[in-house]
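Q: Following the hints, complete the assembly by docking chain W onto the known chain U.
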Amino acid sequence: MSQVEKKEKFLKELYRLWGMHMSRDYKVSRRDLMKGMVSLGLSGTAISMIMRKAPFSVKSAWAAEGGTPEERAINAAKALYANSPKKTVSIMHPSGSGGNMSPFSAEWKALTGFDVELIEVPVTQTHQKGMQEAVAKTGRYDLLLPAPLSLPDYAESGLAQDLTAWVDKYDPELFDGPNKLEYPVSDFGQKYKGKIYGLYCDGDWWLLNYRKDKLAEAGKSPKQKRSVVDTWAEYDQLAADMTDKANDFWGALEYRSPFWNKFHWMTRFQSKGVLYFDKDMKSMAASPESIKTVTDLVNIQEYMPPEQFNYGFTENYAQYYAAGRGFFEFGWPSLWRYSHDVAGAQSIIAGKDANGPTQTGISKVPGDIVNGELIRADVMPFAWDFVVNAHSQIPEAAYLYAQWLTGPTMSMRSIPNEGGYFDPWRNNHFLDPSPEFFEAYPGDFLATSYEAVVDCVPEIILRGGAEYHDTLDRNLQAAYNGDKTPEQAMKDTAKEQDRITRRLGKDTQIEAWRALAAMYPSALQQAAGADKWS
Amino acid sequence: MPRRPFRWYDAIGLLAGLVFALFPIFWMVSTSFKPTHEWAATPPAWIPSQATWANYAPLIVDFKDIYVFGHGASWQAMMHSFIVSGAATFIALVIGGMAAIGFSRYQAGGHTLAIAILSVRGIPTVVIAIPFLILFGWLGLRDTHVGLILAYVTFTTPFAFWMLKSFIDEIPAEIEEAAMMDGMSRWQAHFRVTVPLIKGGLIATALFIFILNWSEFLLAVVLTEKTVFTVPVNMQLYGGMAGIQAALATVAALPIVVMGLLIHKHLARGFTLGAVKR
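If you read the protein sequences in the order shown, they are chains U and W.
Here the first sequence stands for residues 1301 to 1834, where the numbers follow the working numbering.
Here the second sequence stands for residues -14 to 263, where the numbers follow the working numbering.
Simulated from the structure, these hints should not be mistaken for laboratory data.
Take these hints with a grain of salt, some might be off.
Lysine to any residue pairs mimicking SDA-like chemistry, simulated, CA-CA at most 25 Å apart [claimed, not checked]:
{"no.": "1", "chain 1": "U", "residue 1": "1437", "chain 2": "W", "residue 2": "210"}
{"no.": "2", "chain 1": "W", "residue 1": "49", "chain 2": "U", "residue 2": "1405"}
{"no.": "3", "chain 1": "U", "residue 1": "1493", "chain 2": "U", "residue 2": "1754"}
{"no.": "4", "chain 1": "U", "residue 1": "1387", "chain 2": "W", "residue 2": "184"}
{"no.": "5", "chain 1": "U", "residue 1": "1493", "chain 2": "U", "residue 2": "1829"}
{"no.": "6", "chain 1": "U", "residue 1": "1387", "chain 2": "U", "residue 2": "1432"}
{"no.": "7", "chain 1": "W", "residue 1": "49", "chain 2": "U", "residue 2": "1385"}
{"no.": "8", "chain 1": "W", "residue 1": "49", "chain 2": "U", "residue 2": "1331"}
{"no.": "9", "chain 1": "U", "residue 1": "1437", "chain 2": "U", "residue 2": "1385"}
{"no.": "10", "chain 1": "W", "residue 1": "211", "chain 2": "U", "residue 2": "1405"}
{"no.": "11", "chain 1": "U", "residue 1": "1832", "chain 2": "U", "residue 2": "1596"}
{"no.": "12", "chain 1": "U", "residue 1": "1437", "chain 2": "W", "residue 2": "35"}
{"no.": "13", "chain 1": "U", "residue 1": "1437", "chain 2": "W", "residue 2": "120"}
{"no.": "14", "chain 1": "U", "residue 1": "1437", "chain 2": "W", "residue 2": "240"}
{"no.": "15", "chain 1": "U", "residue 1": "1784", "chain 2": "U", "residue 2": "1596"}
{"no.": "16", "chain 1": "U", "residue 1": "1386", "chain 2": "W", "residue 2": "116"}
{"no.": "17", "chain 1": "W", "residue 1": "49", "chain 2": "U", "residue 2": "1541"}
{"no.": "18", "chain 1": "U", "residue 1": "1386", "chain 2": "W", "residue 2": "210"}
{"no.": "19", "chain 1": "U", "residue 1": "1307", "chain 2": "U", "residue 2": "1335"}
{"no.": "20", "chain 1": "U", "residue 1": "1387", "chain 2": "W", "residue 2": "6"}
{"no.": "21", "chain 1": "W", "residue 1": "211", "chain 2": "U", "residue 2": "1541"}
{"no.": "22", "chain 1": "U", "residue 1": "1545", "chain 2": "W", "residue 2": "35"}
{"no.": "23", "chain 1": "U", "residue 1": "1409", "chain 2": "W", "residue 2": "211"}
{"no.": "24", "chain 1": "U", "residue 1": "1387", "chain 2": "W", "residue 2": "35"}
{"no.": "25", "chain 1": "W", "residue 1": "250", "chain 2": "W", "residue 2": "240"}
{"no.": "26", "chain 1": "U", "residue 1": "1523", "chain 2": "U", "residue 2": "1541"}
{"no.": "27", "chain 1": "W", "residue 1": "211", "chain 2": "U", "residue 2": "1404"}
Okay, chain W solo, but in the shape it has when bound:
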């Protein structure tokens, strides 16, 4: 089929799409540099009249206002988020990956169980939050890193499982069989042959799950109190202070953006892997 030439209205369409996608980011960054009176000015101040770093101060100092308190400098919340999101992502990948191998290579559980695993995602988080609260209270896991990690693993493992399963399904089992004929054990065939082949998918899955964990608010606000403080909960403390919230959001977005840039080659591969049905 001949390729349709690129026309001026295609460019306008793309530009409109780009503006639509980037405007929230522009607004967030712009607001983060605005002085107080421009945060919600009418008409809006698109660009700060006098750019200020003041909104970024709560990142490094313990913010105390008359009725707004930062609960420690926000870099601490970033550390809590890194610990929780990192550990939960790793565990979800390990469990989901093992399950994916089992289902993909050995048809363990059949199709129905695979769908049943995904159905966990169909349960609204708000429904499970209070039972988790009660359970973690009994187990002494309330307001702990371990508790929040477990909660996140519960919710993200089905995603990890399904994404990784689709990637593993794409790799012919015959490659593993050939490796075993050459003397590899089953485990070696899975981890030395198949896993490197789905590296892009694995990284894409990891980033996707990390973003889910990094931005999760509801479970974090219900299951934690004062010891564990993640970024979204920390941001909520500054309700009404749009400049500070925008500054924290900008900083919170950075790790994801940086990670995305560092692994963009793998991501491109990962996002297309499994796209074609065999």
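Isolated chain U, as found in the complex:
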């Protein structure tokens, strides 16, 4: 039978079936029933294939729709919902951050169909629960919310999903446009070895809070707008000048207790134009700049209250700064929120007017003059990232939730929410805040924070980061307590850090370190010579 004949026969059969269907005497023979069933099955399979397999093209087209990151996330999640093997996005998050997410769960469900389950774990357990999941691979969590310090361990263990392709596809507007994150913060807390593993939901770089009323009383004024002092020497001098021991008023309220110690060293030390490690991952803790830093940190203790050795962030703020007994305090953005929140902070210096808090001023952290240029190294301890679990049943839907909640508009709504502690990070938070947003961060905070972002430096965001931190922290404590000289403390730190590097594999660590060093502010890279490392 020729092709033409075959075609004619097929069409004839179709007409016959169609005619039968339209006829009043319509009866279905067994053969016709079989034909119908086969046709139905084939049609269903074809449609299903279009919806499931081919959908890379179809879904992409749908997913790409939307003018904002939030709209693109919603459209894509809606498209995924019908065939999703799991209809709930389960999120493991640190305790205390639920208030930034829970009010929006119903909205996400209404928009996409996906439920949201929030699994709160203690702040101190977020890293461990993630590493547990890396081994167990249960898929219990679709999203995790660790600090950027966890990214290397999560990525190397295969827990964190590489988000680069989805970021390209759905464009959360992280790296360009008016809502982007400013470099270098855009890179070092979200990328590891060049790939994107996390989406920020929190910005946490340090700023220097000071008592502007006391400064005025002393007949002094800030060195320049948004910089009460420019250099560490000026900072040390002003702390000394403002100290009034007889009246229990102290110039500096730095942290001198375990865990909190290291952050002061990180910011002071690196502003001298030296990074944590050299090109070959040799610790720079024993460098002359580091020893000078520790010596200065020990010396300024004269202008700090004796109880400082017991206090972390919370106690430091509550017992001294909020009690009106201290002049300078470095801190996270939440400190600013508390410093004017009369009801929440029970602070005697709380209160605000049209210009923001009445007694607290905000400033960029001091720096040092290196090669004639002022270098500031504003450390960003903590922050929080959304990380997609690579073992999740619904990794793409999980990513889309994260893109939605961290989108420019949604984050503007979620950050000021009570009962959470996320802080601003996107440009629109600083440059175009909503009235509610500005209410939470009044006065000069947002403008100062935006100016400071370009000076940001990371913690030691490498595999074994917590170990590098711990050895530094312990030895600093020994120096602060007078148990070791600054030289000995830093020599021991360098020795222990080099040992950690050798144990974890020097080549891998060097690769990760150079990638991290390439995400430093360019001025600091140049001062340290890191711009010529690769």
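A: Positioned in the frame of chain U, the structure of chain W alone reads:
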């Protein structure tokens, strides 16, 4: 052999031992009443300058700090611990006791199997924690009381078995045989004759296993998330807040101390039962 007279240096030795044993408890209780600035003061504050009950507040109120959150008032964690530790202790005693009778009276399994049962204790908990996590995930027992109870039973039953076996071995089988000649069934002979005779040992074993369960941290932190929260996990939430941790530790120690005091007569008997080899 004539008894050596008690001399002054014996008293000093005993006193030193007593101070060594009691100092951690003194430090824990003292710290629990210290104001914040004395928690880790240098030089240390041995006695609080101004004693405060504030550190005990998280026991009854949901503690919320800037970055430290209590996950509900700590009395809830005490309740979770009571449920889990109590149930796990009971089940371990039942299973371990039955096995002990089997091995002691009927030589079931022989000596090798008895040693094999104890070898479960040789497995480090950390090795078994992740397999448990996976298994409980499949069974839907993650973050449930039942899951944690099962995990604890697995680890404490060998102890219960061995301790109870040594106590039962001490009771002559002839007593049970005599009871059976008087008309008791085997079960009645075991439970009406032997078990009352090892009551002290049973109570000592129960307390020992309860303490193991009550203070267990690793399995609890791995296998639970937000629903079940035991005392050790709850205490860990207050990392860096030594006063609160000391207050919770003081309260957590109380049930064990009280139980010990209530049953001290049985304990004295239990700790010596089986001490002499037949």
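Q: It remains to establish, for every hint, whether it holds in the given structure.
A: Each hint, compared with the structure:
no.	hint	result
1	1437/U - 210/W	holds, 16 Å
2	49/W - 1405/U	holds, 23 Å
3	1493/U - 1754/U	holds, 21 Å
4	1387/U - 184/W	violated, 54 Å
5	1493/U - 1829/U	holds, 20 Å
6	1387/U - 1432/U	holds, 24 Å
7	49/W - 1385/U	violated, 37 Å
8	49/W - 1331/U	violated, 73 Å
9	1437/U - 1385/U	holds, 17 Å
10	211/W - 1405/U	holds, 18 Å
11	1832/U - 1596/U	violated, 30 Å
12	1437/U - 35/W	violated, 50 Å
13	1437/U - 120/W	holds, 11 Å
14	1437/U - 240/W	violated, 38 Å
15	1784/U - 1596/U	holds, 15 Å
16	1386/U - 116/W	holds, 24 Å
17	49/W - 1541/U	violated, 36 Å
18	1386/U - 210/W	holds, 20 Å
19	1307/U - 1335/U	holds, 17 Å
20	1387/U - 6/W	violated, 56 Å
21	211/W - 1541/U	violated, 50 Å
22	1545/U - 35/W	holds, 22 Å
23	1409/U - 211/W	holds, 22 Å
24	1387/U - 35/W	violated, 55 Å
25	250/W - 240/W	holds, 17 Å
26	1523/U - 1541/U	holds, 15 Å
27	211/W - 1404/U	holds, 20 Å
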